[in-house]
Amino acid sequence: GENVEQHPSTLSVQEGDSAVIKCTYSDSASNYFPWYKQELGKGPQLIIDIRSNVGEKKDQRIAVTLNKTAKHFSLHITETQPEDSAVYFCAAGYNFNKFYFGSGTKLNVKP
Amino acid sequence: DTGVSQDPRHKITKRGQNVTFRCDPISEHNRLYWYRQTLGQGPEFLTYFQNEAQLEKSRLLSDRFSAERPKGSFSTLEIQRTEQGDSAMYLCASVPPLSTQYFGPGTRLTVL
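Chains as they are written, first to last, in the numbering used here: chain A, 83 to 193; chain B, 635 to 746.
Some hints could be false.
Chain B side only, calculated, beta carbon under 10 Å to chain A, not exhaustive [to be verified]:
hint, residue
1, 651
2, 658
3, 675
4, 677
5, 678
6, 727
7, 733
8, 735
9, 742
10, 743
Cut-off 30 Å, straight-line C-alpha distance, at most; resulting in silico cross-link-like pairs (DSBU-like, lysine-lysine) [unchecked claim]:
hint, chain 1, residue 1, chain 2, residue 2
11, A, 180, B, 691
12, B, 705, A, 124
13, A, 180, B, 645
14, A, 139, B, 645
To be clear, the hints were calculated from the coordinates, so they are not data collected in a lab. Using N, Cα and C, we set each Cβ at its ideal position, and we do this for glycine too.
All chains should be built: construct the whole structure from the sequences, respecting the hints.
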């Protein structure tokens with residue numbers, strides 16, 4: 083089955099700096115890659131996603147890049163704010179079917 | 635708020651007891667997924683329904699676990715004879731056709 087690895091497990095940045103979280107996947111059949119933000123005591127919330135026919139996607143301060151050849155994808159958050167502090171999960175799936183999640187990155191944005 | 639609700643939000647039970655969780659997905663979403671999330675880990679797939687049919691079950695779903703989705707609307711997940719290893723957050727995801735998964739707030743289970 084699919085195996086998704088995520089790094090780093092924790093990330094601390096100063097407010098206004100950029101944050102980058104990286105994930106790799108193993109199954110070349112995976113064609114959909116969502117990113118979720120999870121705050122304490124809440125369910126995961128979709129923040130951005132990318133399909134395998136696209137190399138990059140941007141939504142305001144958040145961007146995701148995908149390298150299908152290398153089987154890795156990354157989340158980029160620019161101009162970080164304290165409210166960006168949360169746990170971020172990457173996931174991989176095929177055609178919106180069951181997702182395989184990474185182990186999460188705890189992002190701390192220091193004011 | 636994604637519009638997906640789960641009940642209860644928290645459940646504390648003693649080992650050996652049975653528990654049942656409920657998920658109310660967004661109406662007209664034909665697929666519903668259950669995941670389990672342990673502390674410090676990402677969610678792991680348990681099972682999913684398309685309408686009322688349960689189409690796939692993970693090996694994580696032992697015979698003590700059962701899930702239903704009568705009439706293709708809400709879904710229930712029951713755990714019989716709970717064990718301490720069942721302690722986790724149980725997440726439900728509601729999925730419209732040809733689109734991504736929207737998660738509910740989860741039910742946190744603690745087995746004493």
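Hints, one by one, checked against the model:
With a least beta-carbon distance of about 23 Å to chain A, the hint placing residue 651 of chain B at the interface is violated under the 10 Å criterion. A least Cβ separation of about 13 Å between residue 658 of chain B and chain A goes past the 10 Å threshold, and the interface hint is therefore violated. Below 10 Å, beta-carbon pairs count as interface contacts, and residue 675 of chain B has one with chain A at about 6 Å; its hint therefore holds. Hint status for residue 677 of chain B: holds, given a least beta-carbon distance of 5 Å to chain A, under 10 Å.
Annotation: residue 678 of chain B was flagged as interfacial toward chain A, and the flag holds, the nearest CB pair being 7 Å apart, inside 10 Å. The beta carbon of residue 727 of chain B is positioned within 10 Å of a beta carbon in chain A (closest approach about 8 Å), and the interface hint is therefore held. Hint on residue 733 of chain B holds. Least Cβ distance to chain A is approximately 6 Å, under the 10 Å limit. At its closest, the beta carbon of residue 735 of chain B sits 7 Å from a beta carbon of chain A; the interface hint therefore holds under the 10 Å criterion.
Because the beta carbon of residue 742 of chain B sits about 8 Å from the nearest beta carbon in chain A, less than 10 Å, this interface hint is met. For residue 743 of chain B, the suggested interface contact is broken, since its CB lies about 14 Å from the closest CB of chain A, more than 10 Å. For a cut-off of 30 Å, the pair hint linking residue 180 of chain A to residue 691 of chain B stands: about 11 Å separates their Cα positions. Under the criterion of a C-alpha separation no larger than 30 Å, the hint pairing residue 705 of chain B with residue 124 of chain A is consistent with the structure, at around 28 Å.
About 26 Å separates the Cα atoms of residue 180 of chain A and residue 645 of chain B, which keeps this hinted pair within 30 Å; it holds. The suggested pairing of residue 139 of chain A with residue 645 of chain B is violated, with an alpha-carbon distance near 39 Å, which exceeds 30 Å.
The earlier numbered hints that this structure contradicts are 1, 2, 10 and 14.
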